[in-house]
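Quick mapping for you: the protein sequence lines, in order, are chains A and B.
Take 7 as the starting number for the first sequence in our numbering and just add one per residue.
Take 641 as the starting number for the second sequence in our numbering and just add one per residue.
Because the hints were derived from the structure by calculation, they are not lab data.
Backbone N, C-alpha and C fix where the C-beta goes; we use that ideal spot for every residue, glycine too.
Mixed in with the good hints, there may be bad ones.
[Claimed, not checked] Derived CB-CB ranges, DEER-like:
1) 671(B) to 232(A): 16 to 24 Å
2) 263(A) to 672(B): 19 to 27 Å
3) 236(A) to 647(B): 48 to 56 Å
4) 646(B) to 246(A): 49 to 57 Å
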Amino acid sequence: MTAAVKSRFLDLRGLAAFEHMRFTTRHRIEGAYSGRHLSRNQGGAGEFVDYREYAAGEDLRKLDWKVLARTERAYVRLYQDETNLMCTLALDTSRSMLFGGRRKSTAGRTKLEYVQFLATALAYLIARGQDQVGLALLGGQLRDWIPPAGTSNHVARLHAAIESIQTEPATRMAAALGQLFEHVTRRGVLLVASDFLMDDLDELFAVLRQFRHRQWEVLVLHVTDPDEERLPEGTAYHFVSLENDGSVDCSPADVRREYETRFAAHVAAVRSLALALACDYRPVSTAIDYLHVLRGFLVERAG
Amino acid sequence: MSFLHLWPIYLGIAAAVLPVVVHWLTRPRPVKLPFSTLRFVREVVQQRRARHRLRDFAILALRTLAVLLLAWAVARPLLGTRSGAVADASISVARVVVVDVSQSMAASHGGIEAFERARSRAAEYLAHERGLRANLIRAGAAATATFDELSGNLAALHDELARLQAQPERLNVQPALALAARMLADAKGDSPRRELIVVSDFQRTNWTAADFSPLPADTIIRLESVAPAETPANLAILRVAVPGHPLPDRPSRVEVEIGNFSPSARPVACELTLGEATYRLEGLCPAQAKTVLAEDVVLPAAGWQTGQARLVDQLDALAADNVRACVVEVHTPAPFVLITRQRPDDVRASSFFLERALAPYLPGERDDGPRVVRIDPGRMDADRLATAELVILDHPGKLSVQSTGILAGLLRRGKAIWYLAAEPTDAVNLKQLVDEAGTSLQMPVEFSPPEVGRRRRDLFWADLKQNQAPFAIFGDSLKSAASSLRFAGGLASRRLEGGLADDLVAEYGDRSAALVISSSGAGMLAVLNADLGSSNLPASPMFVPLVDQLVDRMLGDRRGAAPIASGEPMAVYLPAEVRAAERLVIASDAKPADASLGELVNEGPGVVWRMTAAAPPGIYRVNRDQQTVFAVAIELPAEESDLRMLAREVLEDRLAGGRDVRFRATDENEDRDDLWTWLAVAATLAMLVELAVLRIVRA
């Protein structure tokens, strides 16, 4: 883990409070190695959990002969395997993520920086829990894809990749997520951190549906900035798009109410789309310290 | 359509543009801000714009409409048919617009001066038309044109029209018509259509003698009246005078003549300020009549006394004629100079009777009475005669040309001369005097020695001007008193063409002149054609009052202190005592900045004060070493106060002289002059609708 110290987004002092906490999931997953997470497989190496009537053709080694002798009925013993977790962090690198940091409450962090802090911390915590963590940088295309692994070098590599994220003026992200879907083979946890300010929101969730269909657990972190929720005070602004999408002159006072309504509708739309897919949807504001968000996130998942 | 005022139109256009300009100048400078959710801002802005574009446009349109309607209303649009407009644009038009700028055009009716209507009417005819060449004539006491000939520069004519104002002067219409006639006759082009547009109030006193005959025969004449249909009521001070020759510390009668040009009798009050004293004169002035308010005042010091009369508590159509300045010359009585060859102790001589009548008081009986100084004709001295109050010639014998030249000079400079023509040589003297006086003296008769062998005796007065001085004082008793009078001597006379018949005050039964009173320059010459020594007039009780009245008339009517009409050419002879123009300064109590006070020039033995156009009403003085040597009151011509209009039929028929004359009265288009009220209502409605739109949209 020495290499992780090099990342400016890794705050070990802040993460010291998370020493006893682990990134867990309530879903059964598929892992490469034996771990502390419930595996989808119920083989013979794990802990006995139940009996089931034998079905013709099943492996006779799993048959409980003692029960057969005693009751003359064939039952099979079931055992729960435990495996490690493979988590893929899918980060939005569109230019809209560069917005934010104008207010004191955000500590001068843009949405991207906020996500970089959060992703760095998560990668660190997941790897420390003997789980595997991967990274996918999503732009117009899949820009970078680091498959999950759990070594310290791997985590250092992840940290370096997160630290050196370059944004691009992309307004579509579904294609990148689709490419990621083609790359991954095993089921795991997909954490998508984005502001979801894109034109292909429906397509994006269609791809997420595929992930869900393949039994992935999908976490949706919806990152927003306070200045997005409410237009800034002032007489007149010349708003320039961060994604080369033109500009608009307006007086915020004239459109504030309609804008807030529209933004709230957008947030609600993302939320409903995520919940419809049984995703774990979490709105995250840059005005809230990422460690606080992380703590709540880990505690809630730990049950 | 024309407008009563043009400036609100320009102001309205500026005001309509102003909100846009102010918005543009004060619009907020936007702060550049990179933004992530621009799509939402854009959608909201587009949605808002789509929703508010119609509202904003409606509000802007309504606001602009309200401003323009308001400006339109203030401009007082006048709707009506332009009777003189030329419809066919292919015809070249030569048009002269004559605008009356006399004082009566300042009369207001319904809060609007007639001149403002005139300006609007005239502007109609100076609007742009293809093939139009026009000119603008300002018609007042004199006529002046904007250009020397017709011009296509209508903008300059509009500018000149905007600068015109009613002036305190009368309308002398004939020079304006003559000037227009010359321009129309000189109009270039292929058989242009000639039009004369006259915009005036067609005041009866000014237009009665108008003559359109100098205009080219094919001229179309449009008479645009701006006088109200009903003659507005007006009160005016027409004259302020002190008849006779006022003496210091002696009561003098001041007369203020008031004219009531309204349909009902009006009580009038007049405040007269003369010197440092103020008097209040009150009376009742009958409808459409003049009345004289009189007051005996004591003028304390000799010299030129100035003042003014002012109507108080009167609201009428024309305010300018409610004030009139006056000048009175108060002087200690100078001696009468009697030039005669007769001996003073000859009690049967004509000059003896005359001297007794002129100075009826015995020596020591009264110190301030008139004195008579006898001078031998051979020792006539110009300086001595200049200081005389009155010069009387009785039996002077044959006068030299030099002597008659002195007399003529005195006459021109305001001296009164009474000649008693008794001997045949007097005919020669009078002939010489008339010749020396030149054109300034137009005698109604020419005197000549009686025919040889025919004695003039038993002559009696047959035809007297009973209403004039010196006979007016006798009233109804004149006929009986005069019937017993018999005259002898004197000269034969013959009527002259060009002489004023009114100057022949009395005639004998043989149709020869008995008494002639003529003006010459500033002075006055009276000729009594009789030998008093051979007549019974001196023995008559009429004699002394007759002489007194005649002297009063001659001294009182001297033109030196007579008022001058503003705007008219002025040439006034200064009193005979003023012999040179050096060190003379013209001064005025309230001289307008742009008014010329004329010039003082030496002419012969005296000084003449000339002004091309007399300055505006007021008191003007000639000072020498801070001492006033002459003063004159320049006044508004009294006829401007009578606002009655000449009948339409007279203008269209009698004065037309067979030309195409069309008359348009004020009320022919002013029935739609109330359009401005509807425009004001529309402007208010536009603002209310704007408010309603704003409330609905915001709700």
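Consistency of the hints with the structure:
no. : hint                         : result
1   : 671(B) to 232(A): 16 to 24 Å : 18 Å, holds
2   : 263(A) to 672(B): 19 to 27 Å : 24 Å, holds
3   : 236(A) to 647(B): 48 to 56 Å : 52 Å, holds
4   : 646(B) to 246(A): 49 to 57 Å : 50 Å, holds
Every hint, counting from the list given before, is met by this structure.
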